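Enquirer: Single-letter residue listing:
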Amino acid sequence: MNTWMENLLLLTFVAYGLASVAFAVAVIGRKRKSGEDNHVRRWGRAGIVLSIIGAAIQVMFIISRFFIGGRSIASSMFEFTAFLAFAIVLAFILIYYLYRTPTLGAFVLPLAVILLAYASVFPKEVRPLIPALQSHWLHIHVTLAALGEGAFAVAFIAGLIYLIRVVGNQRNSTHARYLELTLVLVVMFVGYILVSFLFAGLGYEAAIQHPLNGETIQQEYSLPPLIGPAGGEVVKMDPFLGLERPLFEAPSWMKGEKAASKTNTVFWSIIAGLILYGLFRALARKRICECLHPMVKNLDPEMVDEIAYRAIAIGFPIFTLGGLVFASIWAHYAWGRFWGWDPKEVWALITWFFYTAYLHLRLNRGWLGLKSSWLAVGGFVILMFNLIAINLVFAGLHSYA
Amino acid sequence: MENTKCDCGHNNPVGTVLCESCGKPLVEEMDNQKQTLDMRYEGAARRSQTRNRALIDKVWNFFSSVKVAVILILITLAVSILGTILPQEQYIPSARPEVYYPQQYGVVGEIYYKLGLSDLYSSWPFRLLIAMIGVSLVVCSLDRVLPLYRALKNQRVTKDPVFLTRQRIHAQQEMTEQEGIALMDRLAEGLSRKRYHVRREGSALLAEKGRFSRWGPYINHVGLIILLLGILLLRVPGFYLNEFVFVREGETKPVPRTPYYVKNEAASVVFYDPEELPPDMAESGQSVIKQYETKAVLFTKDPETGELEPVHRQTIRVNHPLQYQGVELFQSDFQTKLKGLDLAVRDKKTGKTIGSFTVDLENPKFREPYRLSGGVEVRILEYFPDFAMEENRPITLSEEPNRPAFVFEVKTPELKEPEKSWVIAGTNMDEVQKDNRYEMKLSKIQTVNQSGLIVRQQKGTPIIFSGAMIFVIGLVIGFYWQHRRVWIRWKEGILYLGAHTNKNWFGFRRELEQAAEGTDLRLVFPTSGRRENG
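So the sequences go chain by chain: A and B.
In terms of numbering that gives the first Met the number 0, the first sequence opens at residue 0 and continues consecutively.
In terms of numbering that gives the first Met the number 0, the second sequence opens at residue 0 and continues consecutively.
Misleading hints may appear alongside valid ones.
Unchecked claim - Far from chain A, by Cβ distances over 10 Å, these chain B residues were calculated:
hint: 1; residue: R185
hint: 2; residue: S267
hint: 3; residue: K410
Unchecked claim - In the BS3-like style, the derived pairs of lysine-lysine whose C-alpha atoms are separated by at most 25 Å in a straight line are:
hint: 4; chain 1: B; residue 1: K364; chain 2: B; residue 2: K443
hint: 5; chain 1: A; residue 1: K370; chain 2: B; residue 2: K66
hint: 6; chain 1: B; residue 1: K440; chain 2: B; residue 2: K415
hint: 7; chain 1: B; residue 1: K300; chain 2: B; residue 2: K262
hint: 8; chain 1: B; residue 1: K338; chain 2: A; residue 2: K343
hint: 9; chain 1: B; residue 1: K294; chain 2: B; residue 2: K336
hint: 10; chain 1: B; residue 1: K289; chain 2: A; residue 2: K123
hint: 11; chain 1: B; residue 1: K458; chain 2: B; residue 2: K410
hint: 12; chain 1: B; residue 1: K415; chain 2: B; residue 2: K338
Unchecked claim - Reference listing, derived: stretches of chain A covered by chain B, where coverage requires no fewer than 3 residues with Cβ under 8 Å from a Cβ of chain B:
hint: 13; stretch: 121 to 133
hint: 14; stretch: 301 to 309
hint: 15; stretch: 312 to 322
hint: 16; stretch: 342 to 356
In short, the hints are calculated from the structure, not lab data.
Predicted, not measured: the structure shown is a model, and the values here were computed from it.
Think of the CB as a built atom: it goes at the ideal place given N, C-alpha and C, for glycine as much as any other residue.
Chain B with its partners taken away, still in its complex shape (with noise of 0.2 Å):
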């Protein structure tokens, strides 16, 4: 068992490395007595380094060490390099990543998303190591606070001459009780016009400030642990959505997984003025856009009258998303969508237009002709919205009207039988269907403009920006200012000084000289030793 009982009489904790009371180095080896000594976390002793039986003890001590935390950080950095080399898997132009990324990128891809880096950042191994970081912060910072905050509460104005002449900024003079104290009445007073606050006791001196700034890592990492905490809570069911949906204009839609409804009044998109371009483009005559736009109406549904009711109304423009109680929904898409065919039907024969009709694409109409005047009918016999060829057989590649075709059934009173007619957008079927009487001209193509919103709830985000903000706070504490020290002890006819700084130890030099002028006292800066700590 190491003896923890120091000269001074005060019991310290195993562990211990400087005397909590007087400072006074407790376990060193002869040969270290000249050197300046390790002020980090005041010599204070840590559980990590006192316990090591139980396996909560080995765990807590792998976790609570900087250079397994150090590794953990090198390690996450390194596997995220990886996961830049390609394009992770959401920002493919491929629903199927499988065949994406060894046809674009050979060998290399197949590799490559055989080894799960094309969808990096979400696999367990990336999170378990930001796992890993997170457990690492709190032990760290748990193992380390403690001790320190003890030590520093309870400071004592009376040091040990050994613990002042070993600080790396030191002093050391004879002359008599009277002078020293006179001595230590003008540093205070210098030190006091510094900002410093000083404690006396006896003959001996404490003069002290931002301590607070010792805090500054571990207010930082609590707010890294709350923003962990934030990212984590986003996994739990009903914290976290995000949906998207297509509204057409003069469209309701539910918003999904929502108590809500949207209808998009109308959707644009806003080019930017000849005027506000710079002159080379203004020229040129190409338009730029500006901003797309979707005036949206929010809805709920009254439970009793099935009615909707607007609750919100607001212009959706990229940059600037419908906020309404926690949901979100955000302009992401701009489209404009086939809506609706004129057709003109014309006789060939006499070469006049006999009539004409509108289809509607979204919702054709399959029961019943269309009626035109002079008693002709027409009727949609096949319709393929996505139309295309697939072994000499029409088929329709999706229900999205992206090339609509129709097989009409024409029938007037001049013709004994109906007549079957093609009508493909894009394609010119005269040549085709030359014997045909009627002839099918698209006069007029109808669009519609629809917006592609996404939609979130992310009852996480308070969380974590209170816990970003909580770290940029903790780090501005502790990088802005520095924890600075000047013992002063008078003792058998000799005052001796130690002044310690956690960081900028030039500053400190500068500080120190000024709050000295005048005086005789000889202030000793080595130029080794020197060491910051958070």
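Isolated chain A, as found in the complex (with noise of 0.2 Å):
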């Protein structure tokens, strides 16, 4: 990636986060003097300005990129997470024009930041393709599926800020702690990001050697072993608080190729989130979603139920068409089948049913609510699912990571 590109994603970036800036001034800075609906106004427009620069840099940076680098758009971890926090806000932007609701912007576009975040810490390079992937096919395909999960990542905010309004300021409820919950999982991804980002700079790096299958494999550890392969033996290993060897040593039956450092990574991503968490409780002595609960306690509940419901509606057709109808055209190029039932593919279909059972669970069951917010929120949980751990964890044909 040269540097005229690496200044457009961080451009990007600046953006998105001067956005989520700008919508939380909106939203939290309410009572001043210039009067509020204009001061709601005013930062609200500020919001969106700032989305739609970020959104028409990232569009420049992934022109730029398709032809000055390998020609694709979202083939790597990288570029698709990348494309994914576009396709985010260019949701985002879609149902604001629609709905006008700053507060939603206040919690989307950090969202879009912390996905960009999270892109980075997967290889920039642009890696030339293997045949199967160099199909036009292949970039509608991707393209229009990651569209599609932007819109449900809207709906699933939307989701959020409904149970936060409605049990956020609930003590005692068990809505209020798996909210709570729900909360706690999204600070331990941005607890993996960071520690990701920590390591990085330091540029640490292990290595540990252990059999697998009758082989002597090793495995490139980028995070402090605390876990290491059953059976290990420490090839090399940056000095960390004076650890020599990892603490722990993976169960057995994780037979994975790099099942071990995934595990170890999981369990910083834990640790550090844990510790972000902790740090907050003490700092603010209230739980996540009691401080968020002012933030949104002026909203409509049935409005921001409906933009759950709209969000989604809008992104079915676009997800059905490129993550299912498409992705098997392409199937059927590269390799001769149109469907293969191929973990990913079954991933894809297992989040088209969620989608499916939501849609009519909400229009002919009568789910509205909380309800429906759940369902918005797990629909998100199974895409990230598909997104990290299939990617990571199963080896098919989409694990390009």
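With the hints as a guide, bring both chains together as one complex.
Expert: Dropping the structure here:
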């Protein structure tokens, strides 16, 4: 990646960051002399303009990467995750013009920032495409699927806002507890990104050898190995708090090629997330959802509920077309079969089944409000599982990262 | 028997919730009387609600339930997840799953295999689930679309005031008939500007738009049914062909189960140019595969002369299959195979090479010897294409020349008795045969590229894709538009207004506020009782 592209990416990141701040100011700093409506309108406009600028810069980034680089839009983890962030902002801009809610922006834009940061954890170089990935159908399939998922992500945020609005200030309700748990998961995700950047910045490296299926293989670690592979032998390990060998060994039934280093990453994310969360609780002396509740307490819950539904209604046809129909056309050209029950294909179908169930429950069984919001949150959890776990854990046709 | 005759005089079918003519609720408990009306399916009677006697009705009623449909979807979802825990049989590097799963994954693997989860998606329980979803799709759609179509087609403009005031958005204001008509004129104009189709009937008005979006769900269900039927067609013999053929360069082979023959004129691997690679990869000097190619010619056989006639010529690449008359050939595998061995015979006594010959590994000469200059003859005694030792005996693992081994008999004028000589590819036999006068030297290995081609014929494809496209079009119609209606009626000194949309209430509200701008009509937007329907 050349400096020109690097700068465009950085500018996108800054624009989304500033948009997040503008929306947050619009929502939090309401009590001003200049009049409440005026304040919200002015900062809300700043937020949406910054979002549009950010999205426009990201379009330039994507185009320049496509032509200068390897003629691919979303065929590595970095490219796809960055594109997903773009899709989320795009879906948000659309929804914003339908419902004019700066509060939504105050939650969606930070998610785009987080995803863009997550994307940057992966190698950013343009890699030459393997033969199977050289297809226009691939680009159409992945970009459309991502655009649909962007809308689903906006629905997730709307669902979350609804939950914070309705149960966020309740002390002893199950809903509030699960809501807090969901938010802790988000914090762990942030923790993972921070830890990755920290150790990448320090240039941390470690390698451990271990036997697997009768062969000796080596696992590279970019985070200090707290969990090592079963029967592992340290080849190289940068110092970390006097640690000379992993604290624990991964259970021997974990057979995956990189199982131990992945488990280690998950372990680090949990620790970092819990530390962040602990710090937050120590400083704020309140749960996250209680802290967020004042931001959303003036919202009409019905409108938020409708936004979640609307976003899914917008995303569903796009996701179906991109994630299933065009995906199978590409699969046909690349492998000679439309559908092969590869784990990623199955998970796309599972996602589709889930949102199908959501739509039927809502349209026909009258699941509104809380139930519907939980489903919108659950759908996004499945999407993230599909993005992170499938690509990293299962070895399939789609595991290009 | 329920009384289905409405106060307005209209006779409704049994099971009707809202009078087909005036919209007045027919059957209701007293305490519900202030609530917003349930507008699903326009309150029309459905078959599933009216008949429950014969077995066919029971089955129909079971599958007509959306609850059942959702449960079926959720079960399929959960079962599908189970199939992704371990790789499916088609993705394991072994032809013996019963051994592979326990060996690779222990007890979990064994249970997984025994439960049939390793081949889940082609198992009959999974297919049954999909089939049940298919039946549910047909029944749910038929049960609803017919009454809905009738109700929407025969919409009356004049509705009962009860129907209007119990809509979610409503208004009620006292005024004279003249004022009422004047207000109606203005609203009609405002709504027309918003592209509503306005119908009037005396002192009543109905403005409507986007009715077609109500058909979206049924269109998408029809698409899904076509798609499922298309998939079912793949099981019909002759509709689906899935074969595999290896063709070497220069070779012509019949395309399995088709009337065609395919010739591989050249097969090659294309590597990225160093300029196309990012600097770090280019510097390391590694070669990165860009494409696999097969220059292919397709032939048909003349039934009379038996001669092959070329009908199609194309370079097959990954992502660019050969397509001819519904038959498709995909580049799926690429191998470089041993084709021949160049062997030199050396006289160890003089140190001179006395001659050389080539063994075609596909077609080694058994009957007659290889004749070299000076009366030297080499005869193949034994040939092991895929050499291995088993219990101290030489065997061949397959007929593929992966590790060819030979026992030759060398006959020269200098020798009294012919000499036996072993040649095993990749193994030095000098020590073992040091008593031999003549030595066989492998001077060159000849290779040939071969392409593995998948042969497919999928006659159901157009059906499957039309189904998929109809499905997506139905989704777009259903989700990107909405059916909005406004009813107004002046009756006995009061103007009533009721408004309904099947989704996206906030947009509707804005639209109505704009249409009513400049009038003193106070619209009521209650905060509960809202619901979407498809």
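Enquirer: Residue count check for the stretch 121 to 133 of chain A against chain B: does it reach three with CB-CB under 8 Å?
Expert: holds (count 8)
Enquirer: Is the straight-line distance between the alpha-carbon of B:K300 and that of B:K262 25 Å or less?
Expert: 13 Å, holds
Enquirer: With the threshold set at 25 Å, check whether the alpha-carbon distance from B:K289 to A:K123 stays at or below it.
Expert: Holds, because 20 Å separates the two Cα atoms, which is no more than 25 Å.
Enquirer: Can we trust that B:S267 is non-interface, i.e. its beta-carbon lies farther than 10 Å from all of chain A?
Expert: 12 Å, holds
Enquirer: Classify the label on B:K410 as holds or violated, using whether its beta-carbon is more than 10 Å from each beta-carbon of chain A.
Expert: Holds, since 47 Å exceeds 10 Å.
Enquirer: Need the status of pair B:K338, A:K343: alpha-carbon distance at most 25 Å?
Expert: Given pair B:K338, A:K343 is violated - Cα atoms ~40 Å apart, limit 25 Å.
Enquirer: Is A:K370 close enough to B:K66, meaning Cα to Cα at most 25 Å?
Expert: The given pair, whose Cα atoms are some 15 Å apart, holds under the 25 Å limit.
Enquirer: Minimum C-beta separation from B:R185 to chain A exceeding 10 Å: can you confirm that?
Expert: 27 Å, holds
Enquirer: Count the residues of the stretch 312 to 322 of chain A with a beta-carbon closer than 8 Å to any beta-carbon of chain B: does the count reach three?
Expert: holds (count 6)
Enquirer: Would you say the stretch 301 to 309 of chain A counts as covered by chain B, given the rule of at least 3 residues with C-beta under 8 Å?
Expert: Held - the stretch 301 to 309 of chain A has 5 residues with a Cβ nearer than 8 Å to chain B, which meets the minimum of three.
Enquirer: Is the Cα-Cα distance between B:K415 and B:K338 25 Å or less?
Expert: Violated, at about 34 Å.
Enquirer: Does the structure keep B:K440 and B:K415 at a Cα separation of 25 Å or less?
Expert: 22 Å, holds
Checked against the numbered hints listed earlier, the structure breaks hints 8, 11 and 12; every other hint is satisfied.
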